[in-house]
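As they're listed, the protein sequences go chains F and R.
According to our numbering, the first sequence is numbered sequentially starting from 1.
According to our numbering, the second sequence is numbered sequentially starting from 1.
Quick caveat, the hints were computed from the structure, so don't treat them as lab data.
Where a beta carbon is used, it is the ideal one built from N, C-alpha and C, also for glycine.
Treat the hints with care, since some could be wrong.
To be verified - Part of the chain F face toward chain R, derived, beta carbon under 10 Å: (1) Thr10; (2) Phe116; (3) Leu242; (4) Gln266.
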Amino acid sequence: MKLDFEHIQTAHCENGVSVSLLKHAGVHQMTEPLAFGIGSGLFYIILSVVKVNNAPLISFRTMPGKIFQRTCQSLGVAVVRKKFVSKESAQRALDERLQQGLPAACQVGVYYLTYFPKEYRFHFNAHNLIVIGKEGDNYLISDPVMEGLHTLSSYELERVRFAKGPLAPRGQLYYPGTISKPVTDDQIKAAIIKGIKRNVRDMLNIPGFFAGVSGIQHTGKKIKTWKSKLGDDKARSYLAQLVRMQEEIGTGGGGFRFIYGAFLQQSHAYHPVDELLDLSVQFTKAGDRWRDAAIQAAGIYKGRLQSQADYNVMGDMLIEIAAMEKKAFTELKAVAKQL
Amino acid sequence: MKKQEIPQDPSALNNVTKEVAYAVDDAGNYTTDLSTGWSVKAEALDHAWQDIEKRVADARAKIERKEASPLLYFMEKKLMDIKILSAYTGFWGITIKRHLRYGPFKKLNQKRLEKYAEVFDISVDELKNPF
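Next comes chain F alone, as it looks inside the complex (with noise of 0.2 Å):
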């Protein structure tokens, strides 16, 4: 069985699955954009002390499932979310829900996904797909990152549902409830201010040294001693991490500051302020600093540059572009107050 579902190719796993359950649940104007954006996905944090793969834990966008679950909340639809302890009620569960002819979505790691090539598996258990049919013992999946559709035996599907370690999915199931009157542009409007003032909050406000602005700052601060603290090994390999998380699919931390950037354009045939147009620019250019940055720290990790100049340069970059984000989360503040 197959449901009459349209696969929405998307730049990030989270803003896809809400993009298509959303449409298919009936609410027309979601887009990948608008999504990020109403859902506040716009972050950065950096947890010194927490090792991802052996380098700190970096991460360029809100925690997983909360895009979701504000964008939503944000237009009145309720989330159900279901964990499970075994296997056996998860696996029915879905079932269940594919037979009334509904999508749902999975959380899951990516170790053991089969689908993705061997060079992309690591033990990252917050991959988001949808699953849209079973034939036989198959099911049939809507990965947002993929161009096309792939499927999963019910052992494949088992397996990675119940992957283990950090933010271990635990048979995670999400959908969105129904959808009893359909959701209005001047909902969409509202939803929209209301994912500004929260990003903003998130980026400038959150005390201490480790989150939003804030945080890209302090690492731009400490990336200029990870050579003479680290050796130059061990600098490369969490310089190498950093890019990782920023452009890797489905991570995208430069390509998220475009989909912001993209969000305000089209936040703006919403609120026609112009001033959106104008942040949307600026978000534009913090994205490309961000990819400039990339590009030295991939001069580093080649080995192409190796002194303590080129890790200020890099540091530099990083202080530079917590100061643009800065400057533009400020004046969307303002604008949004505005609204």
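Let chain F serve as the given structure and place chain R on it in line with the hints.
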């Protein structure tokens, strides 16, 4: 990033999928296009795998010097750390730490060996004699 600047470099995704990228067109409007990959991030991924290969090789050398048990080799090979291995096996971290030593591993009972072998997708024999 301008639309025409979206990188189209070879990457591990080739023949599997292209990825969506956001960029602005000549009029400054946001649009999307597909990208085959970007050399900068392909190199970051390569670097991560070089690190893993190095860790696996180090583990192997340690086992040959009897400074570690074969468990270390498979843990590194499967990109795990003690935390992840603990989550998959149900053994405490401190227990796994002990099993990572050459001596205590030798004394492991069949049941525990089978548990490790299952998690690593190998046979008990391979677990005991990895090389």
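Looking back at the hints listed earlier, which ones does the structure fail to meet? Hint check: nothing fails, all pass.
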